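With chain A fixed as given, assemble chain B onto it according to the hints.
For reference, the chains in residue letters:
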Amino acid sequence: MKKKMTFERKRTVTGACFLLPSAILCLIFVIVPLVDIFRYSVYEWNGVGSNMKFVGLANFLRLPSTEGFWEMAKATVIYVVGVTILVIVIAFLLALVLDLKGKGRINRNFLRAMWFVPCLLSGAIVGILWRIMYNYNNGLINTLIGYLNLPKVNWLETYGVTMGAVIVASVWCQIGMCTIIFLAGLQSIPEDLLEVARIDGASYFQQLRKIVIPMMASSITINVITTTIAAFKAYELPYLVSNGLPGYSTRLLTQRIYFYGFRSMDYGTASALSVVLIIIITLISLLQLVVLKRREDIY
Amino acid sequence: MRKMRKMLALLLCAGMILGGISACGSKETPTQAPAEGESKTEESKEEPAAGGEEHENVTLEVCIVQPDWSDEWDDMEKKFEDEYPWIDVVSVGVQENQGEFLTTRAAANDLPAITQINNNQNVWALCEEGKILDASGFSVAANVPDSYKDAYTHDGVFMGITQGAAFTVLFLNMDILKQAGWEAPPTNFDELIKCCEDIEANTDVAAITVAANKTTNCWMVWEGILANVYGDELGFGVYDEQIKDGTFDFAKNPKATEMLAAISSHMMTGTSSMTEDDVTAAFADGAVAMAIAGNWTAANICDAIGEAAGDPAAAAAVLVPFNEAGKDPWISVSPEDAFACTVQEDPNVAEAAKVFYEWVFQPENFKIIQNARGTVPVLTNMTDEHIVLPDAVADIVPAMNAAQYVMMSFNLLTSEFYDSSCTALKDVYSGNLKAEDAVASMAEALKGSHLN
Chain A
1 MKKKMTFERK RTVTGACFLL PSAILCLIFV IVPLVDIFRY SVYEWNGVGS NMKFVGLANF
61 LRLPSTEGFW EMAKATVIYV VGVTILVIVI AFLLALVLDL KGKGRINRNF LRAMWFVPCL
121 LSGAIVGILW RIMYNYNNGL INTLIGYLNL PKVNWLETYG VTMGAVIVAS VWCQIGMCTI
181 IFLAGLQSIP EDLLEVARID GASYFQQLRK IVIPMMASSI TINVITTTIA AFKAYELPYL
241 VSNGLPGYST RLLTQRIYFY GFRSMDYGTA SALSVVLIII ITLISLLQLV VLKRREDIY
Chain B
1 MRKMRKMLAL LLCAGMILGG ISACGSKETP TQAPAEGESK TEESKEEPAA GGEEHENVTL
61 EVCIVQPDWS DEWDDMEKKF EDEYPWIDVV SVGVQENQGE FLTTRAAAND LPAITQINNN
121 QNVWALCEEG KILDASGFSV AANVPDSYKD AYTHDGVFMG ITQGAAFTVL FLNMDILKQA
181 GWEAPPTNFD ELIKCCEDIE ANTDVAAITV AANKTTNCWM VWEGILANVY GDELGFGVYD
241 EQIKDGTFDF AKNPKATEML AAISSHMMTG TSSMTEDDVT AAFADGAVAM AIAGNWTAAN
301 ICDAIGEAAG DPAAAAAVLV PFNEAGKDPW ISVSPEDAFA CTVQEDPNVA EAAKVFYEWV
361 FQPENFKIIQ NARGTVPVLT NMTDEHIVLP DAVADIVPAM NAAQYVMMSF NLLTSEFYDS
421 SCTALKDVYS GNLKAEDAVA SMAEALKGSH LN
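Residue numbers (our numbering), protein chains in the order written: chain A, 1 to 299; chain B, 1 to 452.
Don't read these hints as lab results, they were simulated from the structure. Small disclaimer: the values here were computed from a predicted structure and weren't measured. Glycine included, every Cβ here is placed at the ideal spot set by N, Cα and C. Worth double-checking, as some hints may not be accurate.
[Said to hold, decoys possible] Just the calculated beta-carbon pair ranges, DEER-fashion:
#1 A:Thr66 - B:Glu183: 47 to 57 Å
#2 A:Ile132 - B:Glu72: 34 to 44 Å
#3 B:Asp82 - A:Ala184: 53 to 63 Å
#4 B:Pro312 - A:Tyr147: 26 to 36 Å
#5 B:Leu12 - A:Ala184: 42 to 52 Å
#6 A:Thr12 - B:Gly15: 22 to 32 Å
#7 A:Ile132 - B:Glu258: 27 to 37 Å
#8 B:Glu72 - A:Ser122: 27 to 37 Å
[Claimed, not checked] Pairs of lysine-lysine, DSS-like flavour, derived with a Cα cap of 30 Å:
#9 A:Lys152 - B:Lys214
#10 B:Lys131 - A:Lys53
#11 B:Lys3 - A:Lys4
#12 A:Lys152 - B:Lys194
#13 B:Lys434 - B:Lys244
#14 B:Lys3 - A:Lys53
Excised from the complex, chain A in its bound form (with noise of 0.2 Å):
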């Protein structure tokens, strides 16, 4: 006699297949890579041979010595910090404004899908676009600069200040998708709720902090989350706006990863090194996540 499935039974063989697929892929392009890196950190290899030979954490220790580690190390940590910050503050400013009701002169949806262009285009572009930009001689930035009558800035190449032409570019680009989130969040709040502080004479600022924030605490742990790994993996934009100038000011641990892995030809101080900031930013995810679950639960 041919036995049933029970109905939990049956929804569990579902979910599993449908779940499938998509374990496969992850299983093939995430997992096994990643192993493959953590295999690779403790050999030497050219990435083309069949030579590896085993050296332990040699890889590992010898990073801090090599040539500008801590400067990238610290212009990574800069970058990451300052995207982070002004990603989330503009992003939120502007899902403010994007959601204030009332007739404006321009239709808010146009005004929401031009905020999120950016995020359609690819760094690569986007890096271009705006090294062009930049450019000290005939960039349209220095060119709106004169217009004014004020001195030229020399983006690429002055300490400090190519870092933040880096930041500024990276920043257009991302924030888009976080304008997105937080505007999903605030229309998320019941309008009651808001009349009801209206009513009790609460002013704007007010509605703000006690009640729009803290409703928005689990948009507010999205973006901080995925805006901080997006920024400590960040590549091909900072990379082609600045190409890590001046000295090693604004190269990243991405672009040194890349450097030993397919210009030194060296895949096993590439592969510890990717290790390093994948420890760094689970860590670090990890610990948002901690800190701003509490101050969800909190509200």
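Just chain B, lined up with the frame of chain A:
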């Protein structure tokens, strides 16, 4: 109905997975020409080739570095495909990052059949792994001078035929120099610096620049100085050997450092991040008077100068005058990128690659791209009727052939060395670092970076 929908969804998912996996599988070289050749393939899978033989249709991937000859490359490619309809050439432009490109493709065991290569450690690694075909077996290799063969021989394998000779040139917009009171190009280092000062004093354009964004260009300024300061003292070939052995001392003679500081102080703002296209644009805008650049950029730069001055004759080129007054300049030279055949498993692709390789280096074919690039050819069977160089470069070829030279050395060193040294040099060009600090850091870096 619900079950049907679920089944359909599952089937679609399975299809997606299989599609994804099969796309990542080992590469099956297509044996039929796609796209444009689609009708061609449908008509016949086997077409009579040149020579009356029959062949299966083959797609041949060729990687080229230079973007500045792409139109002419297309012309040449079309000519080849007309002669060999069974071979569909698919060209991929990789620009100067061909080292990384090839390393990545090699890691995926998917090297293009023919590729341009540079003489550096990435390519040497491919050669040592037996992935580069020995080009000495091709009949066209007989037309390459031994010195160029030696330069591209590694581990006993002649890796490829170079497309031309590369050397460093000072390009000048004589229209601007005349405004600054110079009727003729400077002939030694002191005159060069005086010329820069006069340009800055008498015109509103920048004196000199270099496309420092490109490693070769960034290094060639410093190497030109080294060649002239140390060349006579060390004699021919010694500099190259000492660089290879890591025994050369950059800081030994302070004169080289002083010269680096002097020339850097006249560099156009933005030089450290400028690409070759940026330099060409600066000339076209009339924003710079001189540039130290490779002869391979001659065609573009000379056109740009002619455009800015409204007179093609305003473009001039001389060997970079880093020499003392009364002495002839030393130059740094190297073979340009070479064309290499990679080892292919598919015999049809291997045969097509051989046919293409032999065909490209026939003078009447090679001249199409050679003349577009304006570099000095090295093939001994190319005659004057095949070679059309820009006037400015043609004028200095005799001087280049007669000049004392060092080999462009940065390819002889590790990528860590030239990355750190070019980073320091770019900081000097942009005024962020003192020349003596950069030279000291390069001297230190060289100790652990030689390949011998």
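Against the structure, the hints:
{"no.": "1", "hint": "A:Thr66 - B:Glu183: 47 to 57 Å", "result": "holds (51 Å)"}
{"no.": "2", "hint": "A:Ile132 - B:Glu72: 34 to 44 Å", "result": "violated (26 Å)"}
{"no.": "3", "hint": "B:Asp82 - A:Ala184: 53 to 63 Å", "result": "holds (58 Å)"}
{"no.": "4", "hint": "B:Pro312 - A:Tyr147: 26 to 36 Å", "result": "holds (34 Å)"}
{"no.": "5", "hint": "B:Leu12 - A:Ala184: 42 to 52 Å", "result": "violated (29 Å)"}
{"no.": "6", "hint": "A:Thr12 - B:Gly15: 22 to 32 Å", "result": "holds (24 Å)"}
{"no.": "7", "hint": "A:Ile132 - B:Glu258: 27 to 37 Å", "result": "holds (35 Å)"}
{"no.": "8", "hint": "B:Glu72 - A:Ser122: 27 to 37 Å", "result": "holds (29 Å)"}
{"no.": "9", "hint": "A:Lys152 - B:Lys214", "result": "holds (25 Å)"}
{"no.": "10", "hint": "B:Lys131 - A:Lys53", "result": "holds (21 Å)"}
{"no.": "11", "hint": "B:Lys3 - A:Lys4", "result": "holds (16 Å)"}
{"no.": "12", "hint": "A:Lys152 - B:Lys194", "result": "holds (26 Å)"}
{"no.": "13", "hint": "B:Lys434 - B:Lys244", "result": "holds (26 Å)"}
{"no.": "14", "hint": "B:Lys3 - A:Lys53", "result": "violated (54 Å)"}
Consistency note: the structure conflicts with the earlier hints numbered 2, 5, 14.
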